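Please put together the full structure from these sequences, using the hints given.
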Amino acid sequence: MSLTEYKRKRNFGRTPEPEANGKAAPSNLFVVQKHAASRLHYDFRLELDGTLKSWAVPKGPSLNPSVKSLAVHVEDHPLSYGSFEGTIPQGQYGGGTVMVWDQGTWEPEGDPSLAYKKGKLSFVLHGEKLKGRWSLVRMGGRAGEDGKNWLLIKSDDKSANKKKNILTAEPTSVLSGREMQEIADAGDNVWQSNGKGRKSKPTTVSRAKTKKQKPASKNGKPITTKLKIQASELTGAKKKPQPKEFKPQLATLGTSVPTGDKWIHEMKFDGYRLLAFFEKGKVRLVTRNGNDWTHKFPTLAKTLSELPFDSAILDGEVVSLGEEGLPDFQQLQNLLKRGNDKEIVYYLFDVPFYGGYSLTETPLIERKQLLAVLLAKHVRSDSIIRYSDHIEGQGDSVLSNACKLDMEGVVSKQAESGYLQARSPGWIKTKCTKRQEFVICGYTKPTGSRVGFGALLLGYYDNGKLIYAGRVGTGFNHTSLRQIHSELKKRKVDSSPFDNSLNSSQSRGVSWVRPELVGEVEFTEWTDEGLLRHPSFQGLREDKPAKQIVREKAKPVKNIQKNFKTTKATKKAASKKETKKSPRQKDDEGFTIAGVTITNPDRVIYPEQGLTKRGLAEFYEAIGDWILPYVVGRPLTLVRCPQGRKGQCFYQKHLTDSLPDNLRGVVVNEEEDEYVVLDDIGGLISLVQMGVLEVHPWGSREEKLEKPDQIVFDLDPGPGVAWEQMIGAARAVRKRIASHKLKSFVRTSGGKGLHVVVPLKPGATWEAAKEFAKTLAHEMQQDDPELYIATASKAKRNKKIFIDYLRNSRGATSVASYSTRARAGAPVAMPLRWEELGKLKSADQYTVANTVRRLSSLRKDPWEEFFKIRQSL
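Just so you know, the sequence shown maps onto residues 56 to 928 in the working numbering.
A few of these clues could be false.
Label-pair restraints from in silico Cβ distances [stated by the list, open to error]:
id : residue 1 : residue 2 : range
1  : 120       : 915       : 40 to 46 Å
2  : 120       : 299       : 19 to 25 Å
3  : 390       : 234       : 43 to 49 Å
4  : 610       : 234       : 46 to 52 Å
5  : 837       : 234       : 49 to 55 Å
The calculated lysine-lysine pairs, modelled on BS3-like cross-linking and capped at a C-alpha distance of 27 Å, are [to be verified]:
id : residue 1 : residue 2
6  : 64        : 397
7  : 500       : 392
8  : 608       : 796
9  : 807       : 790
10 : 175       : 203
11 : 62        : 123
12 : 708       : 807
13 : 317       : 184
14 : 432       : 335
15 : 602       : 547
16 : 798       : 602
17 : 849       : 701
18 : 500       : 545
Honestly, the hints are just simulated from the structure, not real lab data.
Computed from a predicted model, the values in this text were never measured in an experiment.
Heads up, the beta-carbon is just placed ideally off N, CA and C, and yes, glycines get one too.
Below, the structure is given as structure tokens:
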């Protein structure tokens with residue numbers, strides 16, 4: 056097998072999984088990854104012929120030789136997948152948390168390629184947990200008809216153990232030492248569709264974003280966000296008794312996905328829409344038509360009841376995820392018919408009522424923020440309750456990717472809209488294929504070996520009349536044929552229920568039924584005669600009454616929006632934006648973002664661009680999860696410009712004024728005042744409120760102040776140095792660093808030069824780090840004294856590049872990645888891939904104006920490995 060199937064199943068713009076092999080893996084790599092997807096299982100992988108041959112082991116490997124563990128052969132994976140640990144977003148193939156549970160090498164017995172083809176591999180494992188001799192044997196008979204089912208068997212040798220359960224005895228990662236919940240909570244190596252996470256792609260500068268970034272704290276565990284949202288604080292929230300009955304908002308079918316940043320987009324799930332009512336510890340699950348289905352989902356109801364919500368209404372969709380991690384409606388039906396709701400997933404996307412407050416007039420984006428925080432706080436990552444994330448803007452791209460993933464489509468929602476208990480033009484659904492519900496009105500006899508029936512006759516209502524829409528004879532399996540036929544026999548009648556007449560060929564041999572059952576059907580198009588072309592049955596719909604089934608007709612988005620009645624919440628939001636106020640009024644009222652009030656929000660701080668204090672705060676909120684890993688938990692030196700860039704600016708190490716709630720101090724010397732430290736996005740926004748335009752962190756974290764974790768070479772061009780020489784200098788420094796078997800990264804300074812940064816495992820002293828940098832700088836000066844200089848004398852820098860190694864002294868700092876600079880144009884210090892360096896035009900090429908666009912276009916973080924590399928001097 057090649058990696059074609061692996062790549063086909065994944066959208067690498069949305070999943071953090073490696074796209075290609077990347078750096079070479081160890082020879083004969085073996086890895087076992089614990090994977091909490093729709094079902095917890097273990098992925099067993101062996102390097103063979105340039106890829107990782109992979110088997111999904113549902114119950115995991117066993118040290119007991121008498122246990123033959125089922126191992127389902129899946130697509131080959133790239134070698135770089137052997138070190139992947141993190142979270143695959145829900146809605147993506149295999150969505151869930153992944154742990155590197157074991158890793159090592161394997162020794163095949165005989166020719167492994169030949170043994171693999173024959174279906175019997177014997178080998179010795181040298182892992183941290185699994186050792187000794189093992190076998191993988193392809194099953195025969197009916198169980199092995201498709202060649203996918205194998206058995207993983209432990210040989211009876213010294214490493215065998217009939218009593219020890221290795222899975223429970225050693226549950227943590229061999230890479231990070233973390234448990235599954237810790238990996239999920241950390242949020243590292245995860246793509247989040249709303250622009251959060253180190254792998255994220257911010258899409259727009261927006262006030263309302265879900266806070267999921269959790270940088271490392273002193274003890275290496277995720278920092279709990281300080282963001283606390285109360286329903287009473289949300290726009291338009293009204294204190295009211297919780298209603299006993301509540302109708303869900305429904306989407307209008309559109310011909311195309313709406314565009315623009317005012318829209319957010321969610322995956323359209325193929326399942327059952329359910330509202331969850333929380334009332335004093337009890338939970339009711341209600342369908343879109345008001346039917347109580349709590350009895351159908353006892354496990355889900357019990358899981359929900361464990362949440363500490365006294366009063367709430369949550370809106371979501373119950374689905375069953377198939378083998379590829381995508382919703383499978385027929386599988387969902389089969390599970391429910393067997394009374395099994397333990398393998399379903401409840402995706403939540405809205406909260407119209409919470410904590411005694413009606414949120415129907417609260418903007419959607421605020422409701423989703425509240426929901427995300429509530430679930431992140433109270434729901435485990437392996438729960439059947441999950442948050443349905445969204446993407447802001449980029450509608451066409453979202454729909455395209457959804458269709459490539461074989462999703463049903465996309466639901467687009469106006470970010471500032473309230474919750475309307477009806478079908479609303481504020482929500483627009485766009486489908487990848489034509490698909491809708493039809494009323495089942497009759498059936499034909501089966502032919503050949505088929506059981507049950509041959510085809511179903513379908514219809515829909517038009518002004519109260521039942522209209523014939525054609526037949527569907529595909530999409531059934533043996534089980535569904537029997538189950539549906541059993542329901543049809545109970546409803547047999549003597550005559551056709553259709554109001555329009557059928558011709559003799561259409562009605563010949565048909566058994567008619569009462570028009571009560573509803574089926575979902577996928578098809579390619581409608582014929583000129585009003586019949587379905589190439590229909591395929593998807594499953595029965597028990598949540599929709601037949602009388603409500605009409606022919607769905609998609610409308611252009613402009614037509615849908617033309618008669619859109621704005622909710623009160625939207626009107627209020629719009630009126631606030633449109634109300635004309637004097638500059639003084641705006642300054643006095645302030646502006647709140649990430650829980651921080653920005654006073655004088657309309658003060659222009661970058662006059663060349665007209666960039667305001669509010670605009671800078673919004674910029675940092677949008678890129679917060681890119682910059683936070685580089686500044687959280689480090690003493691900071693700040694460049695403050697309280698009146699803006701052209702006012703008085705000054706460096707400040709120690710804050711003599713009182714610290715805002717989102718910031719704290721850290722003592723680095725007993726005789727000095729405290730340095731400021733931030734922990735989250737609120738702290739970063741507080742710096743903006745203080746007039747900070749540049750953030751310069753220490754090269755060490757507060758818990759290991761005396762052990763630097765990076766070395767910075769600041770390449771500063773003197774007069775007469777061409778930009779091409781700067782690029783060459785950065786490459787030369789990289790090569791020199793590589794000669795010491797160290798990896799380095801490059802970024803623009805946002806000023807005139809470039810920074811080459813070497814990440815380190817904390818261990819060396821400041822003196823050692825500075826000495827290493829000094830030696831390298833002087834070596835380069837000795838090799839090319841006409842181009843390089845390692846002394847700070849400005850008089851000697853003409854046509855030379857100063858290699859500033861002094862940034863690596865204790866207390867010395869350099870600008871943070873993604874920090875703005877207090878310079879004309881509002882430039883940003885931008886991390887780059889080394890491959891991008893040749894195309895770079897200047898050190899201040901990236902600014903507040905184009906940074907968000909750059910980050911949203913990246914397929915992966917250019918410094919993705921920066922915090923993962925464990926290298927020492």
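Quick check on a hinted range of 40 to 46 Å for residue 120 and residue 915, using CB atoms only. holds (43 Å)
Could you say whether the range 46 to 52 Å given as a hint is met by the Cβ separation of residue 610 and residue 234? holds (49 Å)
Regarding the pair residue 798 and residue 602, is the alpha-carbon distance no greater than 27 Å? With a Cα-Cα distance of about 67 Å, the restraint between residue 798 and residue 602 is violated, given a limit of 27 Å.
Pairwise beta carbon distance, residue 120 to residue 299, judged against the given window 19 to 25 Å: Taking Cβ atoms as reference, residue 120 and residue 299 lie about 59 Å apart, which means the hint is violated.
Does the structure keep residue 500 and residue 545 at a Cα separation of 27 Å or less? Answer holds: residue 500 to residue 545 is near 16 Å, not above 27 Å.
Beta-carbon spacing of residue 390 to residue 234 - inside the hinted bounds 43 to 49 Å or not: 28 Å Cβ-Cβ, so the 43 to 49 Å window is violated.
Between the alpha carbons of residue 708 and residue 807, is the straight-line distance 27 Å or under? holds (24 Å)
Pair hint residue 432 and residue 335, alpha-carbon separation not exceeding 27 Å: Holds. Residue 432 to residue 335 sits at ~19 Å (cutoff 27 Å).
Straight-line Cα separation of residue 62 and residue 123 no greater than 27 Å? violated (31 Å)
For residue 849 and residue 701, compute the direct alpha-carbon distance and say whether it is at most 27 Å. Roughly 25 Å separates the two Cα atoms, so the pair holds.
Taken at face value, is the distance from the CA of residue 397 to the CA of residue 64 at most 27 Å? holds (26 Å)
Agreement of residue 175 and residue 203 with the hint, judged by alpha carbon distance not exceeding 27 Å: Answer holds: residue 175 to residue 203 is near 13 Å, not above 27 Å.
In terms of the numbered hints stated before, the structure departs from hints 2, 3, 8, 11, 13 and 16, listed from lowest to highest.
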